[in-house]
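**Student:** From just these sequences and the hints, can you work out the full model?
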Amino acid sequence: MAPVATDFDEFVRDNLDGLVRTACMLVWDVKEAEDVVQECLFKVAGRWGRVSAMDDPLAYTRRVLVRRALRESARRSRRRAELDVSTPEFGAEATGIVGLGERDELFQAMAELPPRQRAVIVLRYFLDLSEADAARALDCSPGTVKSNTSKGLAHLRTAFVPNEPATEVCEP
Amino acid sequence: MTEAFESELRTALANGARALPVDGVIARLRTVDYSSRRRQRWILPITAVTGTALAAAALTVVLLSSGSSGPEVLPLTAPPHVQVTAYVGWTAIPAKASAASVTSARASCGRMMYVRITASDVLLDDLRGPFVEIIYNNKSDGRVWSCISKNGHAQLSGTVDTTANPHPDRYEITRPVYGAGIAPINPSTRRGTRPTPKQASERAIQARKMTRDEIPLSPNSLVTTSGVAGRDVTSVVLILKGGERVRATVQHGWYSAWWPGSTEHRVYAIPVAAEVLTTSGTHTMNLRR
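Residue numbers (our numbering), protein chains in the order written: chain B, 1 to 172; chain Y, 1 to 289.
A few of these clues could be false.
With a straight-line cut-off of 30 Å between C-alpha atoms, the simulated DSS-like cross-links for lysine-lysine are [as the list claims (entries may be wrong)]:
#, chain 1, residue 1, chain 2, residue 2
1, Y, 241, Y, 96
2, B, 151, B, 31
3, B, 31, B, 43
4, Y, 241, B, 43
5, B, 31, Y, 139
6, Y, 139, Y, 96
7, Y, 241, Y, 139
8, B, 31, Y, 241
9, Y, 150, Y, 139
Just so you know, the hints here were simulated from the structure itself, not pulled from any lab data.
**Tutor:** Here's what the structure looks like:
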């Protein structure tokens, strides 16, 4: 169980880094992630009396963050559809998210995932949440998490080329 | 294979997250006072629109008489595209903003955009009831921005598109501003503290023809028209398809006006013409698409 933080500033200090990086992975856009985290913290701050008394304030905050991120992704999709905006919000130039290292192709595949599938992957494999915890964060059933995980992984596998294990050469 | 993949995925996500360029974001978010500050934006639909919310009756707005250089104020039953609740106090004729309200707008817009907006950055200010719009030069990105604030809270911000089009007296400028529609200004104007984008002809304004699809499907959407005004232009009145007339502020070679949009009747919020009053008379610019 996570320790209960009683001071909101302390809570922000301890968890802001993780929340921002999680939000980036969820919305795949650094600027949007900043907005999502800020709005999330406003909401949590407004309820801090109750939140700080919870067993795990961070879990609650993550739930708020995930839901806001998904809402933001949906809104952005709608807005782009309405306006036919062609600005590449997920591109490397706009976000700096793509091209993060040796697994570029994996990140490209992450960027292509629908928001809910990406959220499941982030919750399960970045935050290491169980299916049940991921379901709570997403406000859906564990079965939905399972199916989205399966679909997401299937897509990511297409981009996955395992690192070659070191080959031992047997000298005669 | 599956376990190896999942393990590889965990490692890749952890490494990728560590490499994210978010130090600046984290530093900014640490400085926010979450207990007292509520950032408000109209970029998002705030409330679901209802039939009653669009009640066409009660709001009184002001109307410019056709072709007049001075504002003749007439009571008008609001056309259906005026969303009553979100824009209470909005006026079709702008007033002169006080120095204090412009200073407050600079501060709130600057906080919203994480930039310092100095008095010399402001190209135009426009006051409509409780709403202050400033058009300003954003030194951090070299673009011209519009920001609307109310009671010390920045509500909305977006860039003013000053990209020239091939027509000699019409330049791309009109935008529904709600965070989208980002476009770089003319490269030749990206530097300097007071941009001077390609000038409209002396008797014209920069304006662009707009379609209903450019007006967001939000009950709280709004439409802004901003840009460069020709040297001889002294007054601009935008005529909307719904018949409403909105007077722009003209200052320092720039003009700007904004008005409410809507979800169901957004076609009425499209500007179809601009009456441009110059030192040599009035002429009408067709903005129909």
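**Student:** Look at each hint and say if it fits the structure.
**Tutor:** Outcome of the hint check:
1. Y:241 x Y:96: Holds, because 27 Å separates the two Cα atoms, which is no more than 30 Å.
2. B:151 x B:31: The hint holds at about 27 Å.
3. B:31 x B:43: holds (19 Å)
4. Y:241 x B:43: Violated, at roughly 40 Å.
5. B:31 x Y:139: Distance of about 19 Å is within 30 Å: holds.
6. Y:139 x Y:96: Answer holds: residue 139 of chain Y to residue 96 of chain Y is near 25 Å, not above 30 Å.
7. Y:241 x Y:139: violated (36 Å)
8. B:31 x Y:241: violated (36 Å)
9. Y:150 x Y:139: Distance ~23 Å between residue 150 of chain Y and residue 139 of chain Y Cα, so the pair holds.
Of the numbered hints given earlier, the model fails hints 4, 7, 8; all others are met.
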